[in-house]
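Generate the whole structure from the sequences, applying the supplied hints.
Residue strings, one per chain:
There are 4 protein chains.
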Amino acid sequence: MKQKVQPAEGKLGILIPGLGAVATTLIAGVIASRRGLAEPVGSLTQTGHIRIGKRTDNNYPKIKDFVPVAKLEDIVFGGWDVYEDNVYQAASIAKVLDQHLLDSIKDELEQIAPMKAVFDKSYVENLDGHHVKTGETKWDLAQQTIKDIQDFKEKHGLNRIVVLWCGSTEKYFEASEIHETVEAFEAALKANDDRIAPSMIYAYAALVQGIPYVNGAPNLTVDTRALVQLSKDTNTPIAGKDFKTGQTLMKTILAPGLEARSLGVRGWFSTNILGNRDGLVLDKPENFKTKEVSKLGVLEDILRPDLHPELYGDLYHKIRINYYPPHGDNKESWDNIDIFGWLGYPMQIKINFLCRDSILAAPVALDLALFADLAKRAGMKGIQEWLSFYLKSPQTKEGLRPENDIFKQLIKLQNTLRYMMGEELITHLGLDYYEEDEA
Amino acid sequence: MKQKVQPAEGKLGILIPGLGAVATTLIAGVIASRRGLAEPVGSLTQTGHIRIGKRTDNNYPKIKDFVPVAKLEDIVFGGWDVYEDNVYQAASIAKVLDQHLLDSIKDELEQIAPMKAVFDKSYVENLDGHHVKTGETKWDLAQQTIKDIQDFKEKHGLNRIVVLWCGSTEKYFEASEIHETVEAFEAALKANDDRIAPSMIYAYAALVQGIPYVNGAPNLTVDTRALVQLSKDTNTPIAGKDFKTGQTLMKTILAPGLEARSLGVRGWFSTNILGNRDGLVLDKPENFKTKEVSKLGVLEDILRPDLHPELYGDLYHKIRINYYPPHGDNKESWDNIDIFGWLGYPMQIKINFLCRDSILAAPVALDLALFADLAKRAGMKGIQEWLSFYLKSPQTKEGLRPENDIFKQLIKLQNTLRYMMGEELITHLGLDYYEEDEA
Amino acid sequence: MKQKVQPAEGKLGILIPGLGAVATTLIAGVIASRRGLAEPVGSLTQTGHIRIGKRTDNNYPKIKDFVPVAKLEDIVFGGWDVYEDNVYQAASIAKVLDQHLLDSIKDELEQIAPMKAVFDKSYVENLDGHHVKTGETKWDLAQQTIKDIQDFKEKHGLNRIVVLWCGSTEKYFEASEIHETVEAFEAALKANDDRIAPSMIYAYAALVQGIPYVNGAPNLTVDTRALVQLSKDTNTPIAGKDFKTGQTLMKTILAPGLEARSLGVRGWFSTNILGNRDGLVLDKPENFKTKEVSKLGVLEDILRPDLHPELYGDLYHKIRINYYPPHGDNKESWDNIDIFGWLGYPMQIKINFLCRDSILAAPVALDLALFADLAKRAGMKGIQEWLSFYLKSPQTKEGLRPENDIFKQLIKLQNTLRYMMGEELITHLGLDYYEEDEA
Amino acid sequence: MKQKVQPAEGKLGILIPGLGAVATTLIAGVIASRRGLAEPVGSLTQTGHIRIGKRTDNNYPKIKDFVPVAKLEDIVFGGWDVYEDNVYQAASIAKVLDQHLLDSIKDELEQIAPMKAVFDKSYVENLDGHHVKTGETKWDLAQQTIKDIQDFKEKHGLNRIVVLWCGSTEKYFEASEIHETVEAFEAALKANDDRIAPSMIYAYAALVQGIPYVNGAPNLTVDTRALVQLSKDTNTPIAGKDFKTGQTLMKTILAPGLEARSLGVRGWFSTNILGNRDGLVLDKPENFKTKEVSKLGVLEDILRPDLHPELYGDLYHKIRINYYPPHGDNKESWDNIDIFGWLGYPMQIKINFLCRDSILAAPVALDLALFADLAKRAGMKGIQEWLSFYLKSPQTKEGLRPENDIFKQLIKLQNTLRYMMGEELITHLGLDYYEEDEA
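Chains as they are written, first to last, in numbering that gives the first Met the number 0: chain F, 0 to 438; chain G, 0 to 438; chain E, 0 to 438; chain B, 0 to 438.
Just so you know, these hints were derived from the structure itself, not from any lab.
Be careful, since some hints might not be right.
Copies of the same chain are indistinguishable here, so a pair counts whether it falls within one copy or spans any two.
[Unchecked claim] Below, a list of computed lysine-lysine pairs in the PhoX-like style, where the Cα atoms sit at most 25 Å apart:
1) K283 x K317
2) K53 x K231
3) K317 x K94
4) K115 x K189
5) K94 x K132
6) K189 x K94
7) K288 x K317
Quick look at the structure:
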């Protein structure tokens, strides 16, 4: 496959619906990294290594030296938002990064001003937007968005583009007949159908042009037959749903460990406190439900109560998110996990994660954008399951159980990269290390 | 390789030096499981499943149905101890299991009385032993132990035996010239050399008869050239060191997750409180050091500061074990982990694990014994690195970096089982699920 | 005042509406203590001491030797419940106490069967009751309850009675004109007014007979002008509201410490998980609100943002209770407290309390019953503010700020006992210890 | 007594041995507060209120308006240190306060340079000092220190002085015959006796001039008959030992709450991690022992196992301090408390305090200095037990049990202030609130 991967020539545009805490942290971080002011920690594409060959070869190149991902220097950021603040202003309001750092790159940050957003308050009741597009129908809004993208590409002389959703969690709803086929979807756009969420309009605008779309929220968006079909038709990769950070990250690390050891789980109580705009949006039950569904599935997929009813059949899983302004973006989670071992004896694990939401999300967003661009150049299209590693609720092929175990996700990611570059896949068998000296 | 694995015919003896909390919990649990009074939770060989074939095949047999491990019904337990209490008495003193459970299987438990132990107080200063062997030299003690094993085999009509160390942590010391070759080791036995620890005498007695030896403590024992050579000479598997339970189990689950995400770690402080005999022994600095060395290596091996100096180069790792009688066997750990992400911003993880030492260790001991016996029947000899999954400080071939990442250890274990049984190894690539429908 | 306190002669009946987890734990514990099977830990009246005189006198009698509280031997228990289980059955279902303990006192426990309860599902939607009184009006129900009490007293040859509410939290509502005067209240009883909660009927039945009433839930009940007046008219003590246990207990211990040191508080997030019937009832928002109001006031009363706006003016206080069946009665709380010190620098306190709801509540219920009986014999009537020590939301005289600081409550309790018995009050000044040797 | 308290006229010098993290945080904070840049949170003298009269009077003046403590504007700081850094430099190294704050008051901070210290490495092995006094004997060093104080007073035109120890914890040792009388002590100074610690030389230099001495470390210093006598002879107040911050602060808040409720305690495990110079000094066992003794006594004094053997007789109390550089001055504690309640049922409390050592200590140091000066003007001399509120191991009169309950300490402090100013003492009886309306 190696010969199929095209090089990362020219500039890559990353266009972001939602220039809030995550997006501005991403943008400021890339700029600071380019200027040598800080390190892009947490990003595999920037700091990760990958093992090639046998363990004894001791060959661990950096991922960015192994696969042709776009360079930070070649990235141009843009986006849309319902507030008209430029990225310097929005980042200052978000209070994630130190103001001194923001001030030191203010010149570049304030150049990036949002385009008018596609907005529909019924999908995000706790937000008010005034910097928004108007149009007769959703079809019109889609056309305006397509034009936004084309203009941006032309203005900045870009070679390629990725659209990266960093906006809010939309209210919960399920796919219906208008999300079945591309034709039905386009008809619904024209009919201004209520069931088309703003995020879907961005996704449509990207995919129809063959531009990869990354879904960083638990929104339905491209997890519909219509938009999956469109992505295949236009040879475009898609990845979603929901950046995997904080508590769910910990959960998909820990649960595989418990399952690996056949330890039973009776209950898992997860609570979160956070005070940023994300917390405010999720204070609305309709929006929390979208997030809850995204977060709840994780344990079942990893623990497989269908295979181990005696270990996980009675698992009681409860998740709470609490809006708590004193913490701002410093999201904090507390988990109580009731496990049991040998002869059913109970034990408990308590995890308190004092994390920072956007600090964890920004490198995930960066990697997803860069890998989606790589996938496009490698001729891959449709759902990119190998990017599940980064996602709370991985979109998978219909009929396929999603894989939430972060370590299986990691092997899949790494073996996919090895496969792309024509290297041997790794199984960790390693019996040869012991047998060779017998000969 | 499949045809090479011999079936598990007849009875398997598990002979245990150290009939304390772990061993009695293991024995009582196996008996209770056989009688249907409780479930052997935490044991892969008893409750684990393994995926065979493609994900879409949905074929996940139980491990015990896939590989020919000995059945619980076919196990006979015996052992040695410095106290003369039978297993019912010792288990009652250990206070791990509910007294009502112990009483309900008292008849069988009190049949198992320890043979006299090989003991040397200079290796475990906080213990006093009086139920001990006497002899002119360590060579004599080894011969007595060999005879113990032969008598036990004959008495119970056993087909095969495994020796499973569940005794105390011995004081810290390093290998010297007497541990270089089998000849030097045997000469030292005869010369009654101080540098031969009691555990080595048991190991020698087992290996010289071709009996697998499992090292459940961080003791040096078979991690010497002499005894590795002996194990190869007699076609015998060995596995060690130190059952992986509690805090280190959590560490080898969590650290791979942090490394997978390229999150930096500045400090990792681990403290433990426990009040059982193990805690008492480790209250002695010389014995704690043996344990500390076993526990400290874990992070370095997983995080690889050599590859990621910017993420893990300054990691400060500190481990404390505190004897705290109010908790008895209910070992509890508290970890504070100082991590950093995007642009170096700090975050913290706190983990409080209210565990039970012997409840976690017993199924590990069982699996190691059963897999060591399986390996013997599969013709495998020397170090069994595929059993690292169960071990805090895995013994590896000289010159090979130990693998502490529990998920790589798990894949190695599973792929080894698949390899033994002639099944295809799993790489988690899975691109075919997506490509097949394109054809 | 000492001569006024009448001795505790004869038998004391404790009649309990709500024979659930708390009540059965109380009853079984008193019986077990009487038989010498266990200790009544957590009860000041049984195990507490009180300092009398100067520090150097070293005179600390037991409270039960200092004031004439009723003896455990003289207590007779009875009660009402919507389920017909006797106390042995109800305690077995509650799963608070070890079944072996319950079995050993089964004979006495199963003698205590509930009388039919006054029940109104609209006040506790998550419960279903079938063992309930019927009557034309609430006035009829009150008369039946009065008769229950009289019959019970006669049957058991009792000298005195206390009614102790251990039932559920009723839905939230506020006092209205029918709760203004005894006359209006009695008219409403006869008119079968919706605004009279079941708990009020029990309270009325007690007070009208001069029987002390203790309100162990956050229900409105006697916190109305009508019933306060009735208690004064009949020379009867009342105490409420809501047994102070678990998280609120911790809060009223910790908050006074922070305030004592002038440390600021920005936020206090409190979450609870519990799986008993109490948790089930509180899963209903209307009932949770009653509890929430009871719990929320605590911080404001202790920290006094009116006096220290710069320290507590912006305090964000949030409380959550989550129904979590795996924990049963083992209620567990987690608090995150954001404090700040010198120059406004932030610090955090996290408290994880693995408590047992009924184990904490039972001795509180016992003390309140015994002290209410003592107060009656001391001629005290109306609100007993000196019992605030035991209560989450102390009922106080109109216009008086409730005192929630547990240490001020304790001094008030102790000085009240000293005052009752004619001993000098304690101020902790103690300068004399230093000055006397100067003379 | 009110007429006896002299007003706070003129300037007050606060002279500090040990210009490290605590002292520089104190000095910078007072300066920042004077300039209106920050608030002196955590200081009772600056932000605390005191209730005067009956609860219904609602009269809560600020403490600084009620008693004549010196104003921040009238304080002049100076001190001694083994390093020659001025306060700006030392504060920058300590990394407690934000560098931007320090820079904004740099002009004033760098004016304060340390005088040469009295130093003896055998008392603090982990420190190296080079900015130290030399002299033939300790008597000479004392005379030099006396002169330092006189010169400082003259240079700055001071009216009064307090000496405030903020230096390191010295190694553990006990008083001997040279600490029995003033004469023996002075003879030992002249004989250059090893048993006179550096801190004692500062204390002697202060007391002999009638200058109050505050002992912020657990050092023996003035807790000897000789220096107590000297303080009485010269009419000088003394206060010590060891600023009460962090874990011990929490312990003396929580333990009184448990004791108040007659809850039993089986074990209390306390661990600390900190990375400042204090942590480095305490990494030496001899110095840790001094601290350990100071910290261990707290529980026994509060819980009184002599009165409640069944509740606290078996309490196992263990304290650990771990040097952990990643946390710097951000000291963090974790406590596990094993309690039991009704019928002996066990429960657990876990407290994780993410504190800042110097942020908690600075206001305590300020209050102690200001109150010691107040006491001097009120004619109080010798041990000031009413300042126990601020101290980990309060010095008390021989034969008197120290009071560690922070709430009793607070009442003692407040009632002492009320007594000084001729106000009525408060007993919290409050029965009159209820009785008055009966008349």
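Results for each hint:
1. K283 x K317: Both ways: K283 and K317 sit 17 Å apart in one copy and 16 Å across, limit 25 Å.
2. K53 x K231: between (36 Å within a copy, 24 Å between copies)
3. K317 x K94: between (30 Å within a copy, 23 Å between copies)
4. K115 x K189: within (20 Å within a copy, 66 Å between copies)
5. K94 x K132: neither (27 Å within a copy, 49 Å between copies)
6. K189 x K94: neither (40 Å within a copy, 61 Å between copies)
7. K288 x K317: For K288 and K317, both the intra-copy (12 Å) and inter-copy (21 Å) Cα distances are at most 25 Å.
Hint violations for this structure: numbers 5, 6, all remaining hints satisfied.
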